[in-house]
Amino acid sequence: MRRMRMGLAAGLMLVGAAQAADVNLLNVSYDPTRELYAAINKAFATKFKAETGKTIEIKQSHGGSGTQARSVIDGLQADVVTLALAYDIDAIAGRGLIAADWQKKLPNNAAPYTSTIVFLVRKGNPKGVRGWDDLVKPGIKVITPNPKTSGGARWNYLAAWGYALKKHGSEDKARDFVRDLYKNVPVLDTGARGSTVTFVQRNIGDVLLAWENEAYLAIDEFGKDKFEVVTPALSILAEPTIAIVDKVVDKKGTRPAAEAYLNFIYSPEGQGIAAQNHYRPRDAAIAKNHENSFAKVELFTIDDTFGGWQKAQALHFSDGGIFDKIYTQ
Amino acid sequence: MSDFDPRAATAGVATQPAQRRKVDVRADAPWVRRTIIGLTVGFLCLFVVLPLINVFAQAFSKGIAVYLAALQDAETLAAVRLTLIVAFASVLSNGFFGLMAAWAIAKFEFPGKNILITLIDLPFSVSPVIAGLVFVLLFGLQGLLGSWLAVHDIEIVFALPGIMLATIFVTFPFIVRELVPLMQEQGTEEEEAALSLGASGLRTFIRVTLPNVKWALLYGVLLCNARAMGEFGAVSVVSGHIRGETNTLPLHIETLYEGYQAAAAFAVASLLALLALVTLIAKSALETRTAKE
Amino acid sequence: MRVAATIARRRSVIPGFGMTLGMSLLWLSLIVLIPLAALFLKTAELSFSQFVDIISSRRVLHALQLSFGLSLAAAAVNLVFGTLVVWALVRYRFPGRRVFDAIVDIPFALPTAVAGIALTNLYAESGWLGSLLVPFGIKVAFTPLGIFVALVFIGLPFVVRTVQPVLEDLEKELEEAAASLGATRWTIVRRVILPSITPALMTGFALALARAVGEYGSVIFIAGNLPNVSEIAPLLIVIKLQEFRYADATAIAAVMLLASFLLLFLINTLQRWSEARTGKRA
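Residue numbers (this note's numbering), protein chains in the order written: chain A, 1 to 329; chain B, 1 to 293; chain C, 1 to 282.
Hint data in this document are derived by calculation from the structure and do not stem from the laboratory. On a predicted model such as this, the values are computed, not experimentally measured, just so you know. Careful, some of the hints might be misleading.
[Claimed, not checked] Listed next, the stretches of chain B that the computed footprint assigns to chain C, with coverage defined by at least 3 CB atoms under 8 Å from CB atoms of chain C:
no., segment
1, 35 to 43
2, 47 to 55
3, 67 to 81
4, 96 to 102
5, 150 to 161
6, 232 to 238
7, 280 to 286
Here a beta-carbon is modelled for each residue, glycine too, at the ideal position from N, C-alpha and C.
Kindly produce the complete structure, drawing on both the sequences and the hints.
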């Protein structure tokens, strides 16, 4: 009994020790950004210490973008949210936790980096995947996550739809294309990272539909001799957005630190880290430096092709929307 | 009588040494015996032993250095701390109230006793996901008590209290279930004797009842602890998956698995598997102890 | 009347009834009853037709069917093999018997997430067992078959542990008498042994079923999670939650909870039947 009590006291002390930093922030992010924010947080902590003399610790939570938004709405005390798409942050703002004009508070519509959707295939590209049309060939297995929980999954879906729309010119043909694509999907993970794990570690599927940054990261982790990236000629401009959760930072008094943190992502140092992690930086100079790391892709946006996220979410991903109908067929 | 096989008779020798020559009518034919044993061993090896071996094989697949690094990682240690605290809270609270409930159920007769027993057993048959969901519905920001909690700055879901509540819910019946049958079997004579000799109720409980049920109590604690440390579904719903803060060991395994660190995930899993094995050894030891008494 | 007097006497001699019962009820309410009530309160916010609409949607129906169907199948397998296992453990002596006896409890003590990743790894096409099945065209991981395997794993100990004490205590004399009357071994098994252990068998089956229906952690890694194919009900609840559709989540949860209540009621009835038959708590 005495040993138990001592153990408990020691345990609690260790837990207490973890909270020793002067400032504590929680960054609730989407699934693939683990490595990105590990690097950014480290760099920012150094800078923050140098500038203010205070130690800062930033804790991370990762999951499907939709899931994470729901958690924040349910009370997860995020100081900042760095999610996969504006719609998920709008959902949080809709509940009064974030100011309604959040997207105007930061440059580039609050998207400090962009990405696009590419294909990851096995080395040698045995199934000869060169473009979107190859994904609907019979016998090809495509890995993509669940649009109901994952942000990346929704970008994947809309990229496919947008391509078919531009190629065939009609919404019906686009719908057929996407339906055929999802017929080739054997498993839906709840997040982009889950899909990557399925493709890369469990060896399921012939092609992974993924964020560009996620595809290149997989190659970094597992080797150029195992996988290669195929960039389609046409894809969607994916803009993951970030915001301060006003209700939380005002309650905790962490607004200055949180603002400094988000601004850091836009700074040259932050943009450099993003580029190194295969996110397309907004800063023109940094982008020029890393020009050769990013393939040239013709990009369409969610606004010009789909009329914005509110419309797209309602039409495709809401309950009973097009995605649900595609699955029941 | 012609289907008696003398060889089958010797199957009963170990249990009936005094009847060495007598035929054991309860023995099965050898082919039946061999088939059933074969199927048993095969079934258990396939479904239980192989997955267990796999855990350890995958954990060490990248070498012992990676294995040790995974266990010493800061986030893993934080997960260990959190899991220990949560398990301790579950065992303590369910043990305390388990003893109370067992006392009320075993030593008294009252109307509605069966309903009480059924209600206590409820968490057994409820899906862990539902267990997590109900606490979000109750304490989440959009839940029934959400606004009140927000005003008073109390965090329950996505923080330690929520994880503890969900785990306590899931392990609720474990200790009571072990105590009640034993206490019922033991009856009330000893307690009545002590009381008639002038001992107070509390003294009777501590000096008479507790020692009588100590092995059953320990057994229940063991089961409660094992389940509390391993709970995944319920905690997954109420945890914020904050790395290094609200990730218990099972959740941390999932995080590692999704972070391309499969070997590390299995390393942490092997920790929990070892805990399971230790639990089983302790359980066997306790059973032998109880059998002796 | 003597019974009532005895009860009254018992109640007045042993103290602490009020306090212990009160505290137990308080704890039960705080931890179990009030939270579960929150679920029904939330479900009650829906009109009955809305509730029916949610429950009868194709995806929900399929998930419920899958969960209950596969759980029934897994519990049935555990019934058959559990009987064989408990027979071998109780009636036979063989090398390693005590080890295998302890092994039966592993699914009970092993965390579900650990079981999940271990089984997935084992049965994936590149895994030890999955690779053996590939030439036969049998896929286990990410199919309903994989879910089935996981459910068999976690339900394994229930039939064995429920039947074991009953089988151990079975009176030898019954069998010996039947044999001396000329019954064959098979008849003895069928007419003497099986009826005695049937209540315990059914209890174990119901327990394994109840456990399998709600299982999440071990299934979530090995299931394909494809709607209308390999999506289990608990996962659908989580997904609905993640989509901010609390009403849907609670409706599905309410249905599952009701099923759990019924199963629990059934289990407790079976246990009392078993106790009455054999005088031993199953």
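A quick look at each hint next to the structure:
no., hint, result
1, 35 to 43, "holds (count 6)"
2, 47 to 55, "holds (count 8)"
3, 67 to 81, "violated (count 0)"
4, 96 to 102, "holds (count 3)"
5, 150 to 161, "violated (count 0)"
6, 232 to 238, "holds (count 4)"
7, 280 to 286, "holds (count 4)"
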